[in-house]
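> Each chain, letter by letter, is given below.
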Amino acid sequence: MSKSIAYRYTLQIADNSLILGHRLTELCGHCADTEIDLAISNIALDLLGQSRMLFQYAASLSGSTEDEIAMLRSEGEYVNCLLVEQQNEDFSQVIVRQYLFDTYYTLFLKALSQSSSSDELRAFANKTIKENAYHVRFSRAWLMRLGDGTQESHDKTQASLDFLKPYIQELFIPSQVDTAAIADGVGVDMSKYVDQFHTTLQADFAEATLSWEAPKYHVSGGKDGRHSEHMGFILSELQYMQRAYPNSEW
Amino acid sequence: MDEIRAIKKILATVLDPEVPVLSVVDLGIIHRIAPLGDSYEVDVMPTYSGCPALDEIELNIKSILEDNGYPFIKINRVIDPPWSSDLITEEGRLKLKKYGIAPPVGHSADKVALYGDQRIIPCPQCESTNTRLVSSFGSTACKALFQCQDCKEPFDYFKCH
Ligand SMILES: [Zn+2]
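Chains A and B are the protein sequences, given in the same order.
For what it's worth, numbering that gives the first Met the number 0 labels the leading residue of the first sequence as 0, then goes sequentially.
For what it's worth, numbering that gives the first Met the number 0 labels the leading residue of the second sequence as 0, then goes sequentially.
Just to be clear, a hint being listed does not mean it is correct.
On the chain A side, residues computed to face chain B include the following (Cβ under 8 Å) [unchecked claim]:
1) D45
2) L47
3) Y133
FYI, nobody ran anything at the bench for these hints, they're computed from the structure.
Even for Gly, the Cβ is constructed at its ideal location relative to N, Cα and C.
Just need the whole structure built from these sequences, with the hints factored in.
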């Protein structure tokens with residue numbers, strides 16, 4: 000196993016959790032009711048905890064510290080997919096973003112736990128699968144309630160799905176780092192799971208009375224460090240403490 | 000080996016800050032205690048990845064062992080095997096119930112526990128099985144919120160995980 004490939008591959012996984020976790024923390028105290036607030040905060044905490052485990056592993060591979068890696072990279076050095084940095088436009092967008100990610104993550108964690116050559120990543124996946132199961136249950140249940148709810152909740156959820164669907168493909172298409180990691184054995188080839196993913200989506204969308212047409216275009220680049228305009232705003236808040244008080248620890 | 004038993008006895012006094020009736024031994028997060036050079040190492044398993052109590056627990060383990068004559072303990076955080084609620088001891092389950100938290104029902108390998116809400120969770124106050132899930136996410140990562148339909152008492156359920 001090449002250390003530098005494992006390091007860059009681990010960052011892709013960690014950054015997804017970190018940025019999505021951060022997005023969810025923005026909602027803490029702002030949700031429509033207490034139960035949703037608790038759920039979103041708990042999911043955020045799980046994701047941040049997961050990213051931390053991975054940053055610690057990445058730090059052991061690169062000889063730096065978890066705080067440096069998590070908090071002091073520049074925008075172009077973050078390698079999360081674009082889906083997770085999309086805004087909390089309304090509750091439906093939060094739920095659709097979470098549902099798409101959780102559903103992808105279910106397949107990803109299973110593949111990683113079965114076939115990564117890294118003991119640490121396999122152990123990470125085994126640990127995280129159980130937490131992810133709670134997340135899917137939450138986001139899927141809300142997808143149903145919103146999609147098959149009132150006319151207004153349905154229309155908003157449909158609009159969120161239509162807005163977010165160009166970001167799906169990036170989850171599955173290997174980046175340069177993915178390709179190297181797959182060849183190395185540390186990574187898993189998610190392009191094999193596209194059909195399975197869409198089968199799940201179609202069944203769930205049918206139940207949620209949402210319609211699906213394949214997107215006319217796809218957006219990608221996050222895994223190569225090319226981000227949407229939202230990323231700078233996320234980092235300015237995320238990195239504030241570390242930049243204002245250098246060397247503070249997690 | 001007597002030393003290891005002694006260390007375990009000391010660890011049985013380190014409480015989980017989020018459920019302050021359970022010790023780290025009751026919770027089943029002490030995976031291993033073993034000699035290391037002139038001292039010992041302790042493997043600790045995190046319950047949930049984001050559990051904010053973990054740093055404090057590790058710190059408490061270190062300081063209580065220091066106070067009891069074990070100054071150079073090394074603490075390792077291990078996630079393989081992952082912690083599961085099956086590791087909570089019988090004594091721990093009784094303590095939870097007495098404290099008003101319903102202990103985990105069933106085994107973590109059971110898919111129903113993870114994916115469905117069909118389990119019957121008896122009320123820790125009145126034993127009624129007429130209870131309902133209020134929220135699958137509770138005050139901490141390890142708990143869900145229930146309410147008893149008979150005595151009307153809301154209660155925490157320590158999730159089967
Ligand atoms: Zn009762």
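> Hints the structure violates: just list their numbers, smallest first.
none
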